[in-house]
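Engineer: One-letter residues, chain by chain:
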Amino acid sequence: MFEIFQNYGSQLWSGFGYTLLSSLYALIGSLVIGTLFALFEISPMKPLRVIGKIYVEIFRNIPLLVIAMIFYIVVPQYFAKIDGFTAGTIGLTIYTSAFIAETVRAGIESVDVGQMEAARSNGMTYIQAMRFIILPQAIKIVVPPLGNQFINLVKNSSVLAFLAGFDLMYQGNIIASTTFKTTDTYFAVGLLYLIITLPMSYLMRYLEKKWSTEGDEA
Amino acid sequence: MSMIEFHNVEKYYGQFHALKDINFTVDNGEVVTIIGPSGSGKSTLLRCINGLELISSGQLVVNNYDLADKKTDMNKMRKNVGMVFQHFNLYANKTVLQNITLGPTAVLKQSKAQSEDEAKKLLDLVGLDNKANSFPDQLSGGQQQRVAIARSLAMKPKALLFDEPTSALDPEMIGDVLQVMKTIAEQGMTMVVVTHEMGFAQEVGDRIVFMDDGRILEDRKDVSEFFKQPEDKRAQEFLSKVIKHI
Ligand SMILES: Nc1ncnc2c1ncn2[C@@H]1O[C@H](COP(=O)(O)OP(=O)(O)OP(=O)(O)O)[C@@H](O)[C@H]1O
Ligand SMILES: [Mg+2]
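If you read the sequences in order, they're chains A and B.
Letter 9 of the first sequence, counting from 1, is numbered 9 in my numbering, and no numbers are missing.
Letter 104 of the second sequence, counting from 1, is numbered 322 in my numbering, and no numbers are missing.
No lab work stands behind these hints, which were simulated from the structure alone.
Since this is a predicted model, take the numbers as computed values, not measurements.
Cβ atoms here follow ideal geometry from the backbone N, Cα and C, with glycine treated the same way.
All the pointers check out, no bait thrown in.
Calculated pairs, DMTMM-like style, for lysine to aspartate or glutamate (alpha carbon to alpha carbon, straight line, at most 20 Å):
#, chain 1, residue 1, chain 2, residue 2
1, B, 439, B, 245
2, B, 312, A, 117
3, B, 439, B, 421
4, B, 439, B, 223
5, B, 374, A, 117
6, A, 46, B, 271
7, B, 459, B, 436
8, B, 297, B, 271
9, B, 238, B, 436
10, B, 288, B, 228
11, B, 294, A, 117
12, B, 312, B, 336
13, A, 181, A, 3
14, B, 451, B, 437
15, B, 376, B, 336
16, B, 446, B, 436
17, A, 140, A, 208
18, B, 400, B, 440
19, B, 312, B, 347
20, B, 451, B, 440
21, B, 312, A, 112
22, A, 209, B, 355
23, A, 140, B, 355
24, B, 376, A, 117
25, A, 210, B, 355
26, B, 376, B, 223
27, A, 140, A, 102
28, B, 297, A, 117
29, A, 46, A, 109
30, B, 297, B, 334
From the derived model, a few chain B residues whose C-beta atoms are all more than 10 Å from chain A:
#, residue
31, 235
32, 401
33, 442
34, 455
All chains should be built: construct the whole structure from the sequences, respecting the hints.
Structural biologist: Shown next as structure tokens:
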């Protein structure tokens, strides 16, 4: 495995960089889009609820690879040409956002309805109540499951390998097929994924613990 | 001048007929208590007054806002009508002080300094000036409810609604909360209070309303007479049960 790093280090680290970049874009994108659709799903306005529900049900029930392929192959045929990295990252963002929407929705719904009623009775608008009272409480509930979604996201970014996305898995496949040192190569690739996901896992546990003890004393 | 007016109000939850032909007026400065068995529609009536529930038909005017009109800005109306809940519903993510100042700063656009100043005076009024920086779950039920009352008062409302404010409290906490409510009543606040505290109803209430099965069956200004001699048969039964229970 050491040898692989010595001879193909730059290739591996370049793949690592693309994986990290794709994950980062998809994380931010899916968090924003997912939260937006979660707010749609619980909106007092029915059309928004319907839109939210349809979005979530479609994208979390199609395989990620299919969504990514649609962007890679179908979209360029009718719209703009996009490369594998972009198509994969967009696919990853949309796919993950559907799961995040469900997670955030569940978090918001687990906040006691009395909080919203008190805020409205206090004169706040729906949006003010969400912003000052409901969302801050939902965030704490939602962080552990969101952490899981983000770890899945990083792992799912290996879908880029199918679209020539230059990510870690893609580079690993190339190295393995040229050197035939499959075991060593995929061990190296696995290790590099861990470098991203393990710290996330620990950060998540840390936050979870910190907030649960805060909750005890508060 | 009347603060709250119901004219022939009906309220349905889906198929369920929760309020039936409600005609009911509360004048400025009046303290009205509402009693009645569980499920009789007391909370529903109260929640209609501040627009947490919408009426199905009839007319409801609160502080000159027509709540049957879809164009009425409920947020504006609610600035003047506070509500105190059975389970307090203090903002769990805010300190006591922040619970009280959030409305004035976010809704009334008052300065933070002024809001905090007033909040401290209100905490003084409810006897909790030493709890400003506590979080709600560090307080007893009775303390939480007094903070909730201070939070409503901070909006300088024209009317306050109370939905069984002492029902979730340990007996030894009830007195403090009722005392605060009495003080507010004496200062001339318009109040509608759903309660099982018959002592409070007699001592502080200007009027008593008995509800059953979605209807107002008695609405009387002679409160102590009502307790001695309710006219409605169901009110008699209800009172004899409640009094036996106490
Ligand atoms: N959101 C709702 N959807 C459907 N039915 C409801 C809803 N809220 C209340 N009800 C029903 O309306 C009736 C009146 O309820 P309400 O809460 O007003 O009674 P209440 O007099 O306040 O009772 P309690 O003393 O138990 O608080 C009850 O039968 C209740 O089940
Ligand atoms: Mg009730």
